[in-house]
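Protein chains in written order, with this note's numbering: chain G, 1 to 118; chain Y, 1 to 159.
Hints were generated in silico from the structure; no laboratory data involved. Among the clues, some could well be false.
[Unchecked claim] Only part of the chain G face toward chain Y is listed, based on derived beta-carbon distances under 10 Å:
#1 Ser6
#2 Ala7
#3 Ser27
#4 Arg35
#5 Ser41
#6 Ala50
#7 Ser53
#8 Ala54
#9 Glu56
#10 Gly61
#11 Pro76
#12 Leu109
[Stated by the list, open to error] With a Cα cut of at most 20 Å, we get these calculated EDC-like pairs of lysine to aspartate or glutamate:
#13 Y/Lys144 x Y/Glu38
#14 Y/Lys57 x Y/Asp88
#15 Y/Lys144 x G/Asp40
#16 Y/Lys99 x Y/Glu114
#17 Y/Lys144 x Y/Asp40
#18 Y/Lys144 x Y/Glu79
#19 Y/Lys99 x Y/Asp142
#20 Y/Lys57 x Y/Asp142
#21 Y/Lys144 x G/Glu75
#22 Y/Lys144 x G/Glu96
#23 Y/Lys57 x G/Asp40
#24 Y/Lys57 x Y/Asp8
#25 Y/Lys99 x Y/Asp74
#26 Y/Lys144 x G/Asp43
#27 Y/Lys144 x G/Asp73
#28 Y/Lys144 x G/Asp39
#29 Y/Lys99 x Y/Glu79
#30 Y/Lys57 x Y/Glu156
#31 Y/Lys57 x Y/Glu102
#32 Y/Lys57 x Y/Glu79
#33 Y/Lys57 x Y/Asp130
[Claimed, not checked] Residues of chain G clear of chain Y, computed beta-carbon distances all greater than 10 Å:
#34 Ala32
#35 Gly45
#36 Cys77
#37 Ser80
#38 Ala89
#39 Thr105
#40 Ser110
By construction, the Cβ of each residue, glycine as well, lies at the ideal position given by its N, Cα and C atoms.
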Amino acid sequence: MRNRRSAIFLTELLAAILIFAVAAGVSIRIFAFARTRADDSRDLGRAVLAAESAAERWRAGDDTADARYFDRDWEPCAESGAAYTLTLAASGQTAEIRVSGGGETIYTLSVRRTGGGS
Amino acid sequence: MKHRHLVDTAFAVALFGLFAGLALLVLLSGAQAYRGIEADASAADTQRTCLNFLAQKVRHYDAVGGVSAGRFGDSDSLELWENIDGTDYVTTIYCLGGKLMELFREADNDLPPESGTPLLDAAALQVSEDGGVLRIACTGTDGKTAGLALALRSEEGAA
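For reference, chain G alone in the conformation it holds in the complex (with noise of 0.2 Å):
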């Protein structure tokens, strides 16, 4: 009688491990994912700022880099150790200004440079 009682608890423990085990893995997927996306809208965040910033320079004149590095931190850096890529192609009036990282474009800006100033 005891025997079958504790058997019966431990099929009931490792029922209860085995829905927990699912139900963490699942947990911690997405937690994974939450933390992605995240970092994602930090880059896009931060790859905004970059591309306006490098428009209204481009736009008063002050930019002739054709490209601009950034590390991990969003910081300016050599591009040896570059983790984020802004570069800028002009064509007369118009520009097309590329924000890239791990191999993926993160932002694109296109932008006209107009005699009113607009």
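Since chain G is already given, all that's left is putting chain Y on it; use the hints.
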């Protein structure tokens, strides 16, 4: 028989311990992920709010002589000038005691930095102007800095 009972109990306790340990691990990893994401989002929000606020202010006051970079107290400052009924007024935005502050005053009225209104958390503000481009950098309370360049419309043609 007694020995087998002991093994059964030990096995059940070990399984329960494993269960409790895993539960704690998942809880801690969830808490850590939430804390990290929340801290990043909060810092990004503060920096974006700060930079967008300053950009909107610059756009609003962007007339000839309307925007300049300066010093106020121990901080770089953004100075926004306007003339109301023949009197010059200046709105100064600067950092003091971990806050971004705003002070509106008559141009020749020397008020101390403490007189300003706190707007949001910011550890430092850097403002410089060169060739019609205003560079603003805001350092958050986490020590991270985000910057923005703004071409002054009023300076176009002059640069």
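Hint-by-hint comparison with the structure:
1. Because the closest C-beta pair between G/Ser6 and chain Y is about 5 Å apart, less than 10 Å, the hint holds.
2. Among the interface hints, the one on G/Ala7 holds; its C-beta lies about 9 Å from the nearest C-beta in chain Y, closer than the 10 Å criterion.
3. Interface hint at G/Ser27: satisfied, since its Cβ lies 6 Å from the closest Cβ of chain Y, which is below the 10 Å cut-off.
4. The interface hint given for G/Arg35 is met, as the beta carbon of that residue sits about 6 Å from the closest beta carbon of chain Y, less than 10 Å.
5. Nearest Cβ of chain Y to the Cβ of G/Ser41: about 8 Å, under the 10 Å cut. The hint holds.
6. At a threshold of 10 Å, the smallest CB-CB gap from G/Ala50 to chain Y is about 9 Å, leaving the interface hint in force.
7. Interface hint status for G/Ser53: upheld, as the beta-carbon distance to the closest one in chain Y is roughly 4 Å, under 10 Å.
8. Residue-level restraint check for G/Ala54 holds (minimum Cβ-Cβ distance to chain Y is 8 Å; threshold 10 Å).
9. Interface restraint check: G/Glu56 against chain Y, minimum CB-CB distance 4 Å, threshold 10 Å, status holds.
10. Interface hint status for G/Gly61: upheld, as the beta-carbon distance to the closest one in chain Y is roughly 7 Å, under 10 Å.
11. Look at G/Pro76: its Cβ gets to within about 9 Å of chain Y, closer than 10 Å, so that hint holds up.
12. Checking G/Leu109 against chain Y by beta carbon gives a least distance of about 14 Å; that is not within 10 Å, so the hint is violated.
13. Distance check on the hinted pair: Y/Lys144 and Y/Glu38 sit about 15 Å apart at the alpha-carbon level, within 20 Å; holds.
14. Between Y/Lys57 and Y/Asp88 the alpha-carbon distance is near 17 Å, which keeps this suggested pair within the 20 Å criterion.
15. Distance hint between Y/Lys144 and G/Asp40 is fulfilled; the C-alpha atoms sit about 17 Å from each other, no more than 20 Å.
16. A C-alpha spacing of about 11 Å is found between Y/Lys99 and Y/Glu114, which places the hinted pair at or below 20 Å, so the restraint holds.
17. Pair hint Y/Lys144 plus Y/Asp40 holds up; C-alpha atoms about 10 Å apart against a cutoff of 20 Å.
18. Restraint check for Y/Lys144 and Y/Glu79: the C-alpha separation of about 24 Å exceeds 20 Å, so the hint is violated.
19. Restraint check: the Cα-Cα separation between Y/Lys99 and Y/Asp142 comes to about 13 Å, which is no more than 20 Å; the hinted pair holds.
20. Distance restraint check for Y/Lys57 and Y/Asp142: the Cα-Cα separation of roughly 24 Å exceeds the 20 Å cut-off, and the hinted pair is therefore not satisfied.
21. A threshold of 20 Å between alpha carbons decides the hint, and for Y/Lys144 with G/Glu75 the separation of about 9 Å falls inside it, so the pair holds.
22. Pair hint Y/Lys144 plus G/Glu96 does not hold up; C-alpha atoms about 28 Å apart against a cutoff of 20 Å.
23. The suggested pairing of Y/Lys57 with G/Asp40 is violated, with an alpha-carbon distance near 29 Å, which exceeds 20 Å.
24. For the hint pairing Y/Lys57 with Y/Asp8, the CA-to-CA distance comes to about 73 Å; that exceeds 20 Å, so the pair is violated.
25. Between Y/Lys99 and Y/Asp74 the CA atoms are separated by roughly 13 Å; this keeps the pair inside 20 Å, and the hint holds.
26. Between the alpha carbons of Y/Lys144 and G/Asp43 the distance comes to roughly 14 Å, so the proposed pair stays at or under 20 Å and holds.
27. For the given pair, Y/Lys144 sits about 8 Å from G/Asp73 by alpha-carbon distance, which is consistent with the 20 Å threshold.
28. Taking the CA atoms of Y/Lys144 and G/Asp39, the gap is about 15 Å. The hint holds against a cut of 20 Å.
29. Restraint check for Y/Lys99 and Y/Glu79: satisfied, since their Cα atoms lie roughly 17 Å apart, inside the 20 Å limit.
30. Between the alpha carbons of Y/Lys57 and Y/Glu156 the distance comes to roughly 18 Å, so the proposed pair stays at or under 20 Å and holds.
31. Using a Cα cut-off of 20 Å, the hinted pair Y/Lys57 and Y/Glu102 holds, with the two alpha carbons roughly 11 Å apart.
32. At roughly 10 Å between alpha-carbon atoms, Y/Lys57 and Y/Glu79 fall within 20 Å of each other, so this suggested pair holds.
33. At most 20 Å may separate the alpha-carbon atoms for a hinted pair to count; Y/Lys57 and Y/Asp130 meet this at roughly 18 Å.
34. The beta carbon of G/Ala32 sits about 8 Å from the closest Cβ of chain Y, which is not more than 10 Å, so the claim that it is off the interface is violated.
35. For G/Gly45, the shortest C-beta to C-beta distance to chain Y comes to about 6 Å, within the 10 Å cut-off, and the non-interface label is violated.
36. The claim that G/Cys77 is not at the interface with chain Y holds, since no C-beta of that chain comes within 10 Å of its own (minimum 13 Å).
37. With a cut of 10 Å on Cβ distances, G/Ser80 stays outside the contact zone with chain Y, its closest approach being about 22 Å.
38. Under the 10 Å C-beta cut-off, the non-interface status given to G/Ala89 relative to chain Y holds; the minimum distance is some 18 Å.
39. At roughly 20 Å from the closest C-beta of chain Y, the C-beta of G/Thr105 stays outside 10 Å, upholding its exclusion from the interface.
40. Distance check for G/Ser110 against chain Y: the nearest CB is about 17 Å away, which clears 10 Å, and the non-interface claim stands.
Violation of the numbered hints given earlier is confined to hints 12, 18, 20, 22, 23, 24, 34 and 35; the remaining hints are satisfied by the structure.
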